[in-house]
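If you're matching them up, the sequences are chains A and B in order.
Using numbering that gives the first Met the number 0, the first residue of the first sequence is number 0, and each one after it goes up by one.
Using numbering that gives the first Met the number 0, the first residue of the second sequence is number 0, and each one after it goes up by one.
These aren't lab readings, by the way, just hints derived from the structure by calculation.
Among the hints, a few may not be true.
Stated by the list, open to error - Computed far set for chain B versus chain A, every beta-carbon distance over 10 Å:
id: 1; residue: A23
id: 2; residue: A101
id: 3; residue: A119
id: 4; residue: K150
id: 5; residue: I207
id: 6; residue: D208
id: 7; residue: K217
id: 8; residue: A219
id: 9; residue: P229
id: 10; residue: K234
id: 11; residue: R250
id: 12; residue: G282
Said to hold, decoys possible - Label-pair ranges, simulated between beta-carbon atoms:
id: 13; chain 1: A; residue 1: Q71; chain 2: B; residue 2: E19; range: 46 to 54 Å
id: 14; chain 1: A; residue 1: E113; chain 2: B; residue 2: L35; range: 25 to 33 Å
id: 15; chain 1: B; residue 1: T31; chain 2: A; residue 2: N118; range: 35 to 43 Å
id: 16; chain 1: A; residue 1: S91; chain 2: B; residue 2: E291; range: 34 to 42 Å
In this text, all values refer to a predicted model and were calculated from it rather than measured experimentally.
Virtual Cβ for every residue (Gly too), placed ideally from N, Cα, C.
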Amino acid sequence: MKVYPNDDLLLKGLASNDKQAIEVLYKENFGLIQTYILNNSGTTDDAKDIFQEAMIVLYEKAASGSFELTAQIKTYVYSVCRRLWLKRLQQSQRYNSPVESLDEVVPVEDELEEHQKKNEAYLMMEKAMGHIGEPCKSLLEAYYLQGKNMQEIAENFGYTNADNAKNQKYKCLMRLKKLFFTQYKNGN
Amino acid sequence: MDEILLLDAAERYLKGEMNEQEKASFEQMRRTNPELDQLVVEHHFFLNEMNRYSSIKSFKNNLHETQAKLEAEGVLKEKALSAGAKVITLYKRYKKTIAIAASIAGITSLLTYAASNLVAPKADINQVQELSKKIDDIKKTTDAQGSELNKVKDDLKVPNVKFKSSGTAFLIDAKGYLATNAHIIKNSSTVVVLNSKGEEYKAGIAFIDNTKDLAILKIADSEFKPVPLPYAISKSTTDIAEPIYTFGYPRNDIVYGEGYLSAKTGFNGDTLTCQIDVPANPGNSGGPVFNENGEVIGILSTRQLETEGAVFAIQSKYIYKALDELKKNEEYADIKVPSVSSVKKMERKLQARKVKDFIFMVKGN
Numbered sequence: 000m001k002v003y004p005n006d007d008l009l010l011k012g013l014a015s016n017d018k019q020a021i022e023v024l025y026k027e028n029f030g031l032i033q034t035y036i037l038n039n040s041g042t043t044d045d046a047k048d049i050f051q052e053a054m055i056v057l058y059e060k061a062a063s064g065s066f067e068l069t070a071q072i073k074t075y076v077y078s079v080c081r082r083l084w085l086k087r088l089q090q091s092q093r094y095n096s097p098v099e100s101l102d103e104v105v106p107v108e109d110e111l112e113e114h115q116k117k118n119e120a121y122l123m124m125e126k127a128m129g130h131i132g133e134p135c136k137s138l139l140e141a142y143y144l145q146g147k148n149m150q151e152i153a154e155n156f157g158y159t160n161a162d163n164a165k166n167q168k169y170k171c172l173m174r175l176k177k178l179f180f181t182q183y184k185n186g187n
Numbered sequence: 000m001d002e003i004l005l006l007d008a009a010e011r012y013l014k015g016e017m018n019e020q021e022k023a024s025f026e027q028m029r030r031t032n033p034e035l036d037q038l039v040v041e042h043h044f045f046l047n048e049m050n051r052y053s054s055i056k057s058f059k060n061n062l063h064e065t066q067a068k069l070e071a072e073g074v075l076k077e078k079a080l081s082a083g084a085k086v087i088t089l090y091k092r093y094k095k096t097i098a099i100a101a102s103i104a105g106i107t108s109l110l111t112y113a114a115s116n117l118v119a120p121k122a123d124i125n126q127v128q129e130l131s132k133k134i135d136d137i138k139k140t141t142d143a144q145g146s147e148l149n150k151v152k153d154d155l156k157v158p159n160v161k162f163k164s165s166g167t168a169f170l171i172d173a174k175g176y177l178a179t180n181a182h183i184i185k186n187s188s189t190v191v192v193l194n195s196k197g198e199e200y201k202a203g204i205a206f207i208d209n210t211k212d213l214a215i216l217k218i219a220d221s222e223f224k225p226v227p228l229p230y231a232i233s234k235s236t237t238d239i240a241e242p243i244y245t246f247g248y249p250r251n252d253i254v255y256g257e258g259y260l261s262a263k264t265g266f267n268g269d270t271l272t273c274q275i276d277v278p279a280n281p282g283n284s285g286g287p288v289f290n291e292n293g294e295v296i297g298i299l300s301t302r303q304l305e306t307e308g309a310v311f312a313i314q315s316k317y318i319y320k321a322l323d324e325l326k327k328n329e330e331y332a333d334i335k336v337p338s339v340s341s342v343k344k345m346e347r348k349l350q351a352r353k354v355k356d357f358i359f360m361v362k363g364n
């Protein structure tokens, strides 16, 4: 098996959400994907969409830590994009004939299935977050997403002390959980 | 309030913020209280989901920012669709192969040409003449065969007449007796019947009763091969509301229809007929009306013009009456109508499949 030291480095950068790594990946791969999608009845916007989704798949993989690159990133990204695009064409019934491909592809079906599941959970969380309203949303984001401590939060949100803020946070969290799990149970 | 305390404990436990003593007692509680355990598991799952949500969200932000930045810098260019791109790539890729293939093809064709010139025997004039004589012979035989064929065709052929009316008929005796409506073949000198496979037979009129609108035809064609009938002709009438089905030729294909018996009498209390509710069109006339057991209970005959869905059928017992009449003539004394249906208790679909080959299209001039 070939080793791609540069690719490994890129993956590590990606896993740590490094903007520079993202930029390099864009520069090296986007052109190919754009050409592919334009040649297969898509637009530049479609290409951007598909590429972003592929980046997220790659990020999930990289962040999971268990990902071993068995092909070049270029091939992997191309395979993922191709699969995603074919699926989208099928869904929109713009699918005329199987799109022939001249470039090397690797099987990515399993990964995409996993990604699909994760993406569904992500969308559920996003929806739940969208429904709890303010100040709950900002409060939870400050604590769980931005990692602020309760003292800071109490000051920012105007609570008399950290304990009050904490109580409020848990009340919000309980509502968020309820919203999330209702969707989650219905979804399964 | 309790719930909040529990949630706080679970969260601190999961984040590893508890001290040893606290942790031990919490784990002890967890072991003895399945609800608490459930809460911890659930919260663990939820926190994981939250973390993933958070990291993907920030990754997405970075993606958007990077893309916007690259777009602004003009690194990501909007490409115009180039129609020829694929062909050109293909061409570039296979240029060498194409060149080699072309030269091999060229050499091969030259070689073949040379070889065929070298090996091919020069034709002998005598041989050519002999051949042409042989062709003449073959032509003669073909001509002879052709005229023979034409003779056979003339014997067989259904006279080339224009048919004015068409309807449906069905076999009542495997020997080639069919029942149909009198009005279809009234005044016809030539009657032809066609089965669902498109096989055409000449038929003669054996019996016609214009008042009852009933006629019996006899297939007079040596090509016709008798096959036992799968259905029976019922002697009794059927009950109201009993499901029925019909076959007919309202167009060139056989058409199935289903309905029910709606009245035991026909138009204006006519006891000869009964009323059925089934989709019917002019070509359906003369078609059999089957009950669930695959017994013919009537012959579809007239449709009341002003009411949709009211169709009348001649009751099947009149077929027997007509046959009694017919049997007086010795020529027809051997007619035997099946009284037992072999498709009884079969599924409707299977019944229909078995029965439909015995139903014919009738054409009269």
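Results for each hint:
no.: 1; hint: A23; result: 24 Å, holds
no.: 2; hint: A101; result: 22 Å, holds
no.: 3; hint: A119; result: 44 Å, holds
no.: 4; hint: K150; result: 55 Å, holds
no.: 5; hint: I207; result: 60 Å, holds
no.: 6; hint: D208; result: 61 Å, holds
no.: 7; hint: K217; result: 58 Å, holds
no.: 8; hint: A219; result: 57 Å, holds
no.: 9; hint: P229; result: 46 Å, holds
no.: 10; hint: K234; result: 59 Å, holds
no.: 11; hint: R250; result: 34 Å, holds
no.: 12; hint: G282; result: 40 Å, holds
no.: 13; hint: A:Q71 - B:E19: 46 to 54 Å; result: 49 Å, holds
no.: 14; hint: A:E113 - B:L35: 25 to 33 Å; result: 31 Å, holds
no.: 15; hint: B:T31 - A:N118: 35 to 43 Å; result: 39 Å, holds
no.: 16; hint: A:S91 - B:E291: 34 to 42 Å; result: 49 Å, violated
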